[in-house]
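As a plain string of letters, each chain reads:
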Amino acid sequence: MLEATPRDSVMERHALVANPAKTCQPVGAVYAALGVHGVMPHSHGSQGCIAFHRMFLTRHFKEPAMASTSAFTEGASVFGGGANLKTAVKNIFDIYDPDVIAVHTTCLSETIGDDLHAFVSAIEVPEGKRVIYCSTPSCVGSHVTGFSAMAAGFVEHMAEKTGEPTGKVMVVPGFVNPADMRETKKYLEAFGIDYTMMPDTTGVMDAPMTGTFELYPKGGTPLAEVEALGDAAYSFALGTWASAGCANALKRKHGVDFAELGLPIGVGATDDFVMALARHADHRVPEALEVERGQLVDCMIDAHQYLDGKRVAICGDPDTVIGLVRFVLECGMVPAFVGTGTPGGDFAGAVEAVLDEAGFDRAACWYKAETDYFEMHQRIIQEPVDLLLGPSLWKQIAKAEDVPLVRCGFPVIDRYVHPYIPLVGYKGALQLLQRMADALMDRQDRDCEDCDLEFVM
Amino acid sequence: MDKVLDQYEAKVYKNRKKHMVTVDHTLETPQEIAANVRTVPGMLTHRGCCFAGCKGVVVGPLKDALAIVHGPIGCSFYTWGTRRHKARAGEDGLNLVPYTFSTDMRETDIVFGGEKKLMAAIEEGIELFHPNAVMICSTCPVGLIGDDIHAVAARAEEKFGVKCIAFSCEGYKGVSQSAGHHIASNQFIRRVIGEDDTPPTGKYSVNVLGEYNIGGDGWETERLLRRCGIEVVSVMTGDGSVADMRRAHTAGLNLVQCHRSINYIAEMMNTQYGIDWIKVNFVGVNATCKSLRAIAQYFGDAALVDRVEAVIIDEMEIIDEDLQYYRGKLKGKTAALYVGGSRSHHYQQLLRDFGVSTVLAGYEFAHRDDYEGREVKDSIKIDADNKNIENITVAPVDGKYHVRFSPEKLEELKRDIDVFEYYGGMIKEMGNGTLMVDDLNHFETEEFVKMLKPDVFFSGIKDKFVLQKGGILSRQLHSYDYQGPYAGFRGAVNFGHDLVMGLYTPVWSKVVPPWRTEPALAGTIGGEE
Chain A
1 MLEATPRDSV
11 MERHALVANP
21 AKTCQPVGAV
31 YAALGVHGVM
41 PHSHGSQGCI
51 AFHRMFLTRH
61 FKEPAMASTS
71 AFTEGASVFG
81 GGANLKTAVK
91 NIFDIYDPDV
101 IAVHTTCLSE
111 TIGDDLHAFV
121 SAIEVPEGKR
131 VIYCSTPSCV
141 GSHVTGFSAM
151 AAGFVEHMAE
161 KTGEPTGKVM
171 VVPGFVNPAD
181 MRETKKYLEA
191 FGIDYTMMPD
201 TTGVMDAPMT
211 GTFELYPKGG
221 TPLAEVEALG
231 DAAYSFALGT
241 WASAGCANAL
251 KRKHGVDFAE
261 LGLPIGVGAT
271 DDFVMALARH
281 ADHRVPEALE
291 VERGQLVDCM
301 IDAHQYLDGK
311 RVAICGDPDT
321 VIGLVRFVLE
331 CGMVPAFVGT
341 GTPGGDFAGA
351 VEAVLDEAGF
361 DRAACWYKAE
371 TDYFEMHQRI
381 IQEPVDLLLG
391 PSLWKQIAKA
401 EDVPLVRCGF
411 PVIDRYVHPY
421 IPLVGYKGAL
431 QLLQRMADAL
441 MDRQDRDCED
451 CDLEFVM
Chain B
1 MDKVLDQYEA
11 KVYKNRKKHM
21 VTVDHTLETP
31 QEIAANVRTV
41 PGMLTHRGCC
51 FAGCKGVVVG
61 PLKDALAIVH
71 GPIGCSFYTW
81 GTRRHKARAG
91 EDGLNLVPYT
101 FSTDMRETDI
111 VFGGEKKLMA
121 AIEEGIELFH
131 PNAVMICSTC
141 PVGLIGDDIH
151 AVAARAEEKF
161 GVKCIAFSCE
171 GYKGVSQSAG
181 HHIASNQFIR
191 RVIGEDDTPP
201 TGKYSVNVLG
211 EYNIGGDGWE
221 TERLLRRCGI
231 EVVSVMTGDG
241 SVADMRRAHT
251 AGLNLVQCHR
261 SINYIAEMMN
271 TQYGIDWIKV
281 NFVGVNATCK
291 SLRAIAQYFG
301 DAALVDRVEA
311 VIIDEMEIID
321 EDLQYYRGKL
331 KGKTAALYVG
341 GSRSHHYQQL
351 LRDFGVSTVL
361 AGYEFAHRDD
371 YEGREVKDSI
381 KIDADNKNIE
391 NITVAPVDGK
401 YHVRFSPEKL
411 EELKRDIDVF
421 EYYGGMIKEM
431 GNGTLMVDDL
441 NHFETEEFVK
451 MLKPDVFFSG
461 IKDKFVLQKG
471 GILSRQLHSY
481 DYQGPYAGFR
491 GAVNFGHDLV
501 MGLYTPVWSK
511 VVPPWRTEPA
521 LAGTIGGEE
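Chain order of the listed sequences is A and B. Residue 1 is where the first sequence starts when you use the working numbering, and the numbers rise one by one after that. Residue 1 is where the second sequence starts when you use the working numbering, and the numbers rise one by one after that.
Only chain A is shown next, with the shape it has when bound in the complex (with noise of 0.2 Å):
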């Protein structure tokens, strides 16, 4: 496997990107959008993208993710797209009957600089009826940042204020899986906290089987409830990268004060979660939650001796990656590599934020933004590890170097059922660390000599 990768050296590259550890922005504001109760996203662009995108939210989460395309030609392409989209939002309207038509954009008509405002403010729509935009050049940033621009734009272009508080407050989930959501739900709930998840893919891309295909499952935020969102009392914004901007929207557009966390991954930023929603509800943490901190606590010392000193590599999206930094360090495990394709925000000062919590040395980790596979494969192969942690690209390295791998983050397009598995709260840290014994207790299993099998471990 990957028989190609130079093994003797690592090659800094400043031109050539290699199995990136990021995609395009324009898939991240489709599963936003799709977060929004009726909402058809649209991609206003040539219709390549959108089929690309749409494969891969169905890879990832095995179900359908529709959406439709201004499908450009080489004219538009040259002219402008506009009479592309007034076509597509009346056949959208006209055949696939949406509240909203959610518009981003790609590098094409960001390029040719398309004035999607200038469009739509043109554009019929029919009564009731909506089509909001927002901008995702594929050359800036990555699928963190479509997400993030995506779930901004419902804010900008929906949320009002009547000046009668709500007192619900907004949350943002992060580019996370519905189980996520769900789990997260769950700890408002049990604060008793009024809230919005916005967006919220629950009962989305996680719809059961009924035997009836629905175009626009039972999930997603109510569009009233996006609506009210001008009058919510405050956000909570769960993740820097994909969650911050939106709440930020809320602020400027509203003034509505928001508290940006880390995504609640493992014990430490799942407290600071929970320490947040405490101080705003005015209201002491539920008996359960503390049971289930405490379970999850218990397994951790039950566990060490497998994890601890074992040395991780971990890649994905920033928010994802810096909540398993955080959790591995919990474990006593050793972060020896960190990276993430996405560039923008301070990666490396969030990176050195969680070591130093830990009072780990900076210098026993290597860290990078703007990484690629083949970077940290290269890096893999001079300092060898002991378990991979993230999306489904790491299984080449992990075959490669004989490295067991436990899939978290996005995409995992090669395993079923994960999406319906939580990441974050103190269940998603148990779950994890759960997968990450197994995998290295398989691998003692697998590989020690046959006298040295242990029937209790």
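Please note that a few of the clues may not be correct.
Stated by the list, open to error - 27 Å max Cα-Cα, derived BS3-like pairs, lysine-lysine:
1) A:LYS62 / B:LYS453
2) B:LYS510 / A:LYS62
3) B:LYS3 / A:LYS90
4) B:LYS17 / B:LYS450
5) A:LYS218 / A:LYS427
6) B:LYS387 / A:LYS86
7) A:LYS218 / B:LYS450
8) B:LYS86 / A:LYS395
9) A:LYS90 / B:LYS18
10) A:LYS218 / B:LYS510
11) B:LYS3 / A:LYS62
12) A:LYS86 / B:LYS17
13) A:LYS90 / B:LYS11
14) A:LYS86 / B:LYS11
15) B:LYS86 / A:LYS368
16) A:LYS90 / B:LYS17
These are computed hints drawn from the structure, not numbers from a lab. Please read all numbers here as calculations on a predicted model, not as lab measurements.
Model the placement of chain B on the given structure of chain A, informed by the hints.
Chain B in isolation, oriented as in the chain A frame:
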């Protein structure tokens, strides 16, 4: 059909009507379908783009070429490991199929141009991998900002001494993946094929054109050909290599599996080198037998004919029991097929081997000749959206053009082999009253399914879970749902197994919970029983 169309407003109705045909072989004039025209915006098409057709389909499978995607990261990311063109390292040990490469264009590259970065990326790639060639594939913004990738390729080739080929396959070109096939074919003809005159060692030699080795299909095809004593010079491009393709002109015959993507090369090689081609199909038991026989008949050697018959008998014997078993499970079932540009036809032949009939078939991006047969080729008008796809004209190459047969003999072959330089298209094999739909969209898929109630709908990943949520088995005919091979005799058995498994999986009986069909609560409501 009208029931579906009637739900459209006038303009869409008029457009879509031309893309649908209820097959009727009793008519005196052949039926016509509109195809290879622009996608209507907002219809939820399944089509991809020119880049996907060029890099994803034709260029990507070459294992000894470094394919650099010049553009923002997405296009490169999405063509990494997602199409199952399998490859093993060749004699030179090179296999770059498990990788994807990009210049990862940023805002500054869009503003100031990306040529320098592209040049640096080529240099880094050559230093890392020493590929036999570098293939530069452009994406949407490249054409718009005016990066001259052909000039960069020429400079890089001179500077590094490695063949560099540029493909202007921006996503917006043409109306679908199809434009990308054409662009890739043109460059292979210009820059690769015909460079290495090392002759084949066997008496009978072929190239397999338009076979991308999805799930190992190409390997199964090659295995059969070799068993018959036929040398495979090159495969375009599944598990293919630039090294092999450079010798393609030395082969005795071209076999065309996917007509849509590669017929350009078959035609041009015929003109340049005098190599004849036949349309083969290694999907389906009867189709495979027919194809092997056609090859033997072309070469016209009694020993080869005997060998082919012996191989067929042996292979059929091996699979016979399985075939009968699966046929017993599948006979009488109905299928709908919606695939890219060739499988919707090929798989009807395999389904027929199992007694499954086709009620609807369509292509995403095929042209009229794939639907109606090559006889309509000259009457196809190239419209405004496709006219900028370069059509190259080639001439016989001095010293490399060889006449295989006399004109009289060629006439005879044309008469005796119905696939000799001819493809009859899909319509001729479809039954009366069945439907043929081009660029089928989501709405139509749902409506036709309601109407026709097929037992299985063969399609792609974007459709699969839509259909299965609605209670109908969907098997993917692009990725084979990560199984395969489906080609050849063994492939037919694999296919039969997978289809039976899908139709008979016990879970289908669990879709409706028991409390939906029988009362779960005892008691009375409002005093009534």
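These are the hints, each one checked on the structure:
no.	hint	verdict
1	A:LYS62 / B:LYS453	23 Å, holds
2	B:LYS510 / A:LYS62	19 Å, holds
3	B:LYS3 / A:LYS90	21 Å, holds
4	B:LYS17 / B:LYS450	19 Å, holds
5	A:LYS218 / A:LYS427	25 Å, holds
6	B:LYS387 / A:LYS86	25 Å, holds
7	A:LYS218 / B:LYS450	22 Å, holds
8	B:LYS86 / A:LYS395	16 Å, holds
9	A:LYS90 / B:LYS18	20 Å, holds
10	A:LYS218 / B:LYS510	21 Å, holds
11	B:LYS3 / A:LYS62	31 Å, violated
12	A:LYS86 / B:LYS17	22 Å, holds
13	A:LYS90 / B:LYS11	11 Å, holds
14	A:LYS86 / B:LYS11	14 Å, holds
15	B:LYS86 / A:LYS368	32 Å, violated
16	A:LYS90 / B:LYS17	19 Å, holds
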